[in-house]
Amino acid sequence: MPSEQYKSKTTLAREAIEQGIRNGLYASGARFNVREIAKDLNMSITPVREALRILQADGLVSYDEHRSISATELTPLDADEIYTLRSMLEGLAAEWAAERRTDEEIALMRRAHERMIASVVEKDDRGAKDANKEWHFIVYDAAHTSYLAEVISRIWTRVEWNTIWGAPGQIDKSVREHGEITEAIERGDIALAGQLMRSHLFGGRAAVKVIQSSSEGQNRNGGVPGK
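Here the sequence shown is numbered in my numbering, starting from 16 and rising by one per residue.
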């Protein structure tokens, strides 16, 4: 990976905006103020606009007919499609990881899992999200494929992580399931590793549905929850 000093301003802007979307700084559907972002990043608006165009190609940013730019908002149908694809691809990755992983990769999985546990205990949401992604991609790398991790990575850009972890108990559930999947991969239990990963993904989809339903209910009732 190139160091920060060798990255272009467009790359730095893209990484900052993408991280902001993933961390909930820019909510789904929220409009971007290009000048404010440029000011915050201490750069001109040109690399920020270029970064937003790249993120548009990745599906994270949308332009409307009035040239307004916003964080892409997933519909329930979009989420269903994404999680169906994730369950298929990531289940396969877990199966191949159980067959092909090295001892070093198992150690990396366990360390990432332990970092996630520690972050949850410390209520460090950012640290937990980072450890969550690290663990998942160690599993995908352990599958030792030429293309699968790349395809999964593109789908990951569309997942609303802030929404998923807003569901009650979802973070603790994810931690527990990561541990079970790691153990299955370490034992070389191909069928169980795939089954557990697919179940893990469907659990994430269920969490998104809970949040989406709650949000729709609040919108129908004028933003007052519980009505």
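The set of hints was computed from the structure by calculation and includes no laboratory data.
Errors might be hidden in some of the hints.
Distance condition first, Cα-Cα at most 20 Å in a straight line; then the derived SDA-like pairs of lysine to any residue [claimed, not checked]:
{"id": "1", "residue 1": "54", "residue 2": "68"}
{"id": "2", "residue 1": "188", "residue 2": "156"}
{"id": "3", "residue 1": "188", "residue 2": "220"}
{"id": "4", "residue 1": "148", "residue 2": "79"}
{"id": "5", "residue 1": "22", "residue 2": "78"}
{"id": "6", "residue 1": "22", "residue 2": "48"}
{"id": "7", "residue 1": "188", "residue 2": "161"}
Which numbered hints fail:
The structure breaks hints 2, 4, 5, 6 and 7; every other hint is satisfied.
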